[in-house]
Amino acid sequence: AQSVAQPEDQVNVAEGNPLTVKCTYSVSGNPYLFWYVQYPNRGLQFLLKYITGDNLVKGSYGFEAEFNKSQTSFHLKKPSALVSDSALYFCAVRDGAAGNKLTFGGGTRVLVKP
Amino acid sequence: GAVVSQHPSWVICKSGTSVKIECRSLDFQATTMFWYRQFPKQSLMLMATSNEGSKATYEQGVEKDKFLINHASLTLSTLTVTSAHPEDSSFYICSARDTGGGYTFGSGTRLTVV
Chain A
1 AQSVAQPEDQ VNVAEGNPLT VKCTYSVSGN PYLFWYVQYP NRGLQFLLKY ITGDNLVKGS
61 YGFEAEFNKS QTSFHLKKPS ALVSDSALYF CAVRDGAAGN KLTFGGGTRV LVKP
Chain B
1001 GAVVSQHPSW VICKSGTSVK IECRSLDFQA TTMFWYRQFP KQSLMLMATS NEGSKATYEQ
1061 GVEKDKFLIN HASLTLSTLT VTSAHPEDSS FYICSARDTG GGYTFGSGTR LTVV
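So the sequences go chain by chain: A and B.
According to my numbering, the residues represented by the first sequence are 1 to 114, in order.
According to my numbering, the residues represented by the second sequence are 1001 to 1114, in order.
These are calculated hints, taken from the structure and not from any lab test.
Model, not experiment: these values are computed from the prediction.
Please note: incorrect hints may appear among the correct ones.
[Claimed, not checked] Stretch by stretch, here's where chain B covers chain A in the computed footprint (C-beta under 8 Å, at least three residues): (1) 24-36; (2) 39-51; (3) 102-111.
Glycine residues also receive a C-beta, built at the ideal position from the N, C-alpha and C atoms.
All chains should be built: construct the whole structure from the sequences, respecting the hints.
Next up, the structure:
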């Protein structure tokens, strides 16, 4: 079975400081990994994905994530956080050996303080 | 980019009535769509996978007779909550597999049953 863990319920960071949101996964086949952001009462907005290729993936709004196979991690990062980055972030995985379903982590709330 | 339109954004209905939520892929064909439910401050829970031209595949514990899914065309899937009750109040989100190997999400529907 595929699973995703986001160990932090909330991350607080000062504006201008680096932001990291952690994600680890478990799959039996090749992992397809995704990061999404959700603002209140809205659907999910796509940030970036890892399917294959370079382990460092660059996405929308200055976010990036690094795929680490040995640590089964896919942490989301942003060098300089903005107040507008305050939102709920979800990591998701699709097991390449197990169909189309996405499994989501529990979400991490990011609060960027001015 | 791929766009998924979900309507309505919010709906209030009386207990015992049925509510239909539409999910449309606007600029691509989606043979597979997914329906999620999200409780406040929680992650997304997959309810069912909607396959064009065939029956939906429901996750364990989801009542198929209560949550009717129809995927009659390559661009439209509908979720009907039948005989809604207050405990069905939730945020419902659809998504579709897009042509880039990712998943595009609708903006969600806030259902309140009174």
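Exercise for the section: Kindly indicate which numbered hints from before are broken by the structure, ordering the numbers from low to high. Expected result: none
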